[in-house]
Structures are given as C-alpha cells and as structure tokens.
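The listed protein sequences derive, respectively, from chains G and U. Residue numbering for the first sequence follows our numbering, starting at 521 and increasing by one per position. Residue numbering for the second sequence follows our numbering, starting at 16 and increasing by one per position.
Some clues are possibly wrong.
Using 30 Å as the maximum straight-line C-alpha spacing, the simulated DSS-like pairs for lysine-lysine come out as follows [to be verified]:
no.	chain 1	residue 1	chain 2	residue 2
1	U	K29	U	K254
2	U	K267	G	K585
3	U	K273	U	K29
4	G	K585	G	K528
5	U	K273	U	K200
6	G	K528	U	K254
7	U	K344	U	K200
8	U	K344	U	K109
9	U	K273	U	K254
10	U	K29	G	K585
11	U	K200	G	K585
12	U	K254	U	K200
13	U	K109	U	K121
14	U	K29	U	K200
15	G	K528	U	K267
It should be emphasised that the hints constitute simulated quantities derived from the structure, not laboratory data. Small disclaimer: the values here were computed from a predicted structure and weren't measured.
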Amino acid sequence: MCLAVPAKVLELRDNQMALVDLNGTQREISLMVLDGEAAVGDFVLIHVGYAIEVIDEEEAERTLKMFEELGTLDEEDAGELSAIL
Amino acid sequence: MSIISSFRESSRAKPIIDRIHQRDTGPVSIMEFCGGHTVAIFRSGIRTVMPVHVQMISGPGCPVCVTSNGDLDRAVALAKTPGVILATYGDMLKVPGSEESLMQVKAQGYAVEIVYSTLDALALAEAHPDREIVFFAIGFETTSPAAAAAVLQARDRGLQNFSICSVMKLTIPGARALLSMGEVKVDAVIGPGHVSSIIGSDAWRFLPEEYGIPVAISGFETLDLLAATDALLRMIEAKQPDLVNTYSRIVKPGGNRKAWGAVQQVFELRAASWRGFGEIPESGLALREEFAAYDADRRFDIRVAPAPEHPACRCGEVLRGVALPPDCKVFGTACTPEHPLGPCMVSSEGSCAAYYHYQRQQR
Ligand code: SF4
Ligand code: SF4
Numbered sequence: 521m522c523l524a525v526p527a528k529v530l531e532l533r534d535n536q537m538a539l540v541d542l543n544g545t546q547r548e549i550s551l552m553v554l555d556g557e558a559a560v561g562d563f564v565l566i567h568v569g570y571a572i573e574v575i576d577e578e579e580a581e582r583t584l585k586m587f588e589e590l591g592t593l594d595e596e597d598a599g600e601l602s603a604i605l
Numbered sequence: 016m017s018i019i020s021s022f023r024e025s026s027r028a029k030p031i032i033d034r035i036h037q038r039d040t041g042p043v044s045i046m047e048f049c050g051g052h053t054v055a056i057f058r059s060g061i062r063t064v065m066p067v068h069v070q071m072i073s074g075p076g077c078p079v080c081v082t083s084n085g086d087l088d089r090a091v092a093l094a095k096t097p098g099v100i101l102a103t104y105g106d107m108l109k110v111p112g113s114e115e116s117l118m119q120v121k122a123q124g125y126a127v128e129i130v131y132s133t134l135d136a137l138a139l140a141e142a143h144p145d146r147e148i149v150f151f152a153i154g155f156e157t158t159s160p161a162a163a164a165a166v167l168q169a170r171d172r173g174l175q176n177f178s179i180c181s182v183m184k185l186t187i188p189g190a191r192a193l194l195s196m197g198e199v200k201v202d203a204v205i206g207p208g209h210v211s212s213i214i215g216s217d218a219w220r221f222l223p224e225e226y227g228i229p230v231a232i233s234g235f236e237t238l239d240l241l242a243a244t245d246a247l248l249r250m251i252e253a254k255q256p257d258l259v260n261t262y263s264r265i266v267k268p269g270g271n272r273k274a275w276g277a278v279q280q281v282f283e284l285r286a287a288s289w290r291g292f293g294e295i296p297e298s299g300l301a302l303r304e305e306f307a308a309y310d311a312d313r314r315f316d317i318r319v320a321p322a323p324e325h326p327a328c329r330c331g332e333v334l335r336g337v338a339l340p341p342d343c344k345v346f347g348t349a350c351t352p353e354h355p356l357g358p359c360m361v362s363s364e365g366s367c368a369a370y371y372h373y374q375r376q377q378r
C-alpha cells in the first residue's frame, strides 16, 4: 500500500502541482507535502498522487558504492561503514 | 534513471550474499514490518539464498490487512447512506467485511468509487456538489499526508461536501504492541522504507535502545534488502544492536517534516482497532476538533454491531507472525486471491497472497 514510485518532473504548475513522467506516462501530481523544492528534471518519489521526497542521486551512488565495498572489507571496516550507510 | 536499476543488478548481489553466509550468528528470525518488503523479498528470491539459520518472517505491515471487520462494516454502512459517494483506494474493495465487501456493495448499485489519490476524491466533490463525498482513508504514516493535504485543500476551496472516515494507523505503536506481546521471537527488524521517509529513521531508535533489537531501514530493491539483512546479521554477530539506514537516498533521520507536520495539523491520536491485535491505544489518526466539518464520523451517525471475523481465517495470527499462511486450513483451497476469506489474501501485499503467488515456485 505504501508503494511509491520514482517519476521525473517535467513541468511545474500552479497550485503546487507538477506534471511528471511516470514510467512513460504523464501525470499531474501534487507537491503540497514535499519538503523543499523540486526542479524540472529532478526525480521525485510519488505516493498516491503526492510527491513525498526528491530522490538524492548522489546519496544513491554513495550507497551503491558502500554496498559494494561492504562485500570486500574486513569486519572492522565494515562496522564503521555501516554506521554511515 | 539508471542509478535506480543499479540496485537490481544481480552481479552486485553476489558479494553481499557471500557475506551473509559468513556471518556467525546462530539461528535468527528477521521480521519485516512492511508488506511491500514481504512482496519484494518473495519476488527477488531472497529467501532461497538465505542460510538455513536465517528465517525471514512477516509482520503486520499492510494497512489493508490490519483493518478490522468493524471498520470495514462502517465503510459499507457509509456507502449505503443515501446521498453518499464513498471513495477509497482500490486495495480496499475486495476485502470482506463481516457481511460483505465494498465491491459487493458497489455491485448492488451503491456509489463506491475507486480513487488513485485524494486529489481525485476532491475532484469528485467538486463535480457532484449535490452529493456527499466520503473518503474512506486507510493507510500508515506514508499515506496519511495525502489525507491531511485533502482536508486542507477542501478547507481552502470551501468544499462543504467532502469528509474523511479515517481508519489510518501508525506503525510504531503497532510494532511496540507486537513486541510487547512476546509471542514471536524477533531478533532483528527490517524497517519500512516509505513509512520512514515520512517519520524519519530516528523514529525507530527505540528498537535497539528499548528492546535491544537491531533495525535496518531498507528500500525495496534486491540490493537494499540484502544489504539491510547483512547489516542486521553483523549487528547480531557483534552483539551491538543499533539503527542502520540503507535507504538514505530517500529516508532522512528526521523524515519529511512538511508532510508529517500536515498530518499533525489535521489529525490527533486515538485508539484504533487492529485485526489480530485488538485495540491499541494512540495508534490511530482521528480528525482534530478544528476540522470536525470534514470528519465523516461526526457528520454521519453510523453505528455497526460488533463484528466477528471469519471463523477459519487465521489472518490475526499471520499478522502477528505466529502462524504462516500455509498453517491456515483454508489457505489455497477455500481461500484464494479470487475468493479471499481474509484480507491477507486480498491485499497484493498481504502475506497470504504473497505466499500464494510465490511460494509454489520457491519451495
Ligand atoms: S502499506 Fe507501507 S508499510 Fe505497509 S506494506 Fe505497504 S509499503 Fe509496507
Ligand atoms: S489463507 Fe485466507 S483465511 Fe487463511 S489466514 Fe490467510 S487470508 Fe485468512
């Protein structure tokens, strides 16, 4: 039920609405409960018609790297890393 | 976006799986609270690559499943109230109440509308000024901002014919209730990703601090779940229960303050009745006095008799993690996704439905 899907912001509209591309279909969603600003080109996470987060791409890349390193590091380093994960 | 699909690449999974197999923990039970995780774990086949001593169990993670028959009967009664159009998310439609489901009520000609968003429910209210639009609001923390936003928009637009019947619930009091019952051994918890995007990962600190149980907030991709599982096993191995957030691309320590602020502006806590658990104090969201005009419970005098659950259905035990779906006598025979006897078979994230769809391939 809390399924939320990433969508790309195509256009900002009046009344805190935005047009997004959701897996190839265009949809109007609300930015009313989004904390912070979304810009055209950003990926936002949509749940029941409302954007709830801007997806942090840098953080995503950092996480991926962390997952990778976790597999190869020894115990102590892994312990430190997972504190920041 | 390619970075998202990177979280599905199986080549990246192998080292984490190896790692999981090297962890020396003894037998452990890891519970996921979120039904979205239940489905993701099945779909990705994670169960099949776990060492035998690691058991994955499902908790009360789906708001459809934990909705009580009494609350469903109220929705049915509202839908049958003259002048009312009952709007709700599609997930709810096939769930049997004590007598009938909303789908059956709709088939009898009553106005039950499936909406994708509360935005659609508001549009219905504008399109039908002569009717009362009641939004039957289910959901956990993730879904509650959409309900709060609808009430605020209804007020701004001066809509007089829109109200909410709230059976929304909070996962933290639910988790506490489950752990306090002590029926099921939980050594570690996979924390719900999207719930946490709203309330923040810090909201789960009570698990290590009060219960000594490690928690890893996880996303819904294979790598997320594997990394979360590995982090949990590591903490168990080191006997250092803590909180780890493997979904930091979405989840912040303090959550989405704007969304949660809207929820707190519109709603207050009240006791809620959970299937399988009974009444849990301060676990439900009710409209504040200030928003009484948008509260269907205040606008309509609906009373329903105490509602029994289907005698054969073991959803309650499934939701508490003490029974597995196949333990239920009617699982897969009298109870199937086409003819569900309990909500856990209806909801796409229900444990019974997930077992029904995936278990055959995997065991
Ligand atoms: S409603 Fe949310 S917490 Fe529940 S099962 Fe769905 S995704 Fe998970
Ligand atoms: S199989 Fe059906 S009747 Fe049995 S617990 Fe699951 S939903 Fe309930």
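Comparing the hints with the structure gives:
1. K29/U with K254/U: holds, 25 Å
2. K267/U with K585/G: holds, 19 Å
3. K273/U with K29/U: violated, 39 Å
4. K585/G with K528/G: Holds, because 24 Å separates the two Cα atoms, which is no more than 30 Å.
5. K273/U with K200/U: Answer violated: K273/U to K200/U is near 36 Å, above 30 Å.
6. K528/G with K254/U: Not satisfied, since the Cα-Cα distance of roughly 42 Å exceeds 30 Å.
7. K344/U with K200/U: holds, 24 Å
8. K344/U with K109/U: Holds, at about 21 Å.
9. K273/U with K254/U: violated, 36 Å
10. K29/U with K585/G: holds, 14 Å
11. K200/U with K585/G: violated, 33 Å
12. K254/U with K200/U: holds, 16 Å
13. K109/U with K121/U: The hint holds at about 11 Å.
14. K29/U with K200/U: holds, 29 Å
15. K528/G with K267/U: holds, 21 Å
Consistency note: the structure conflicts with the earlier hints numbered 3, 5, 6, 9 and 11.
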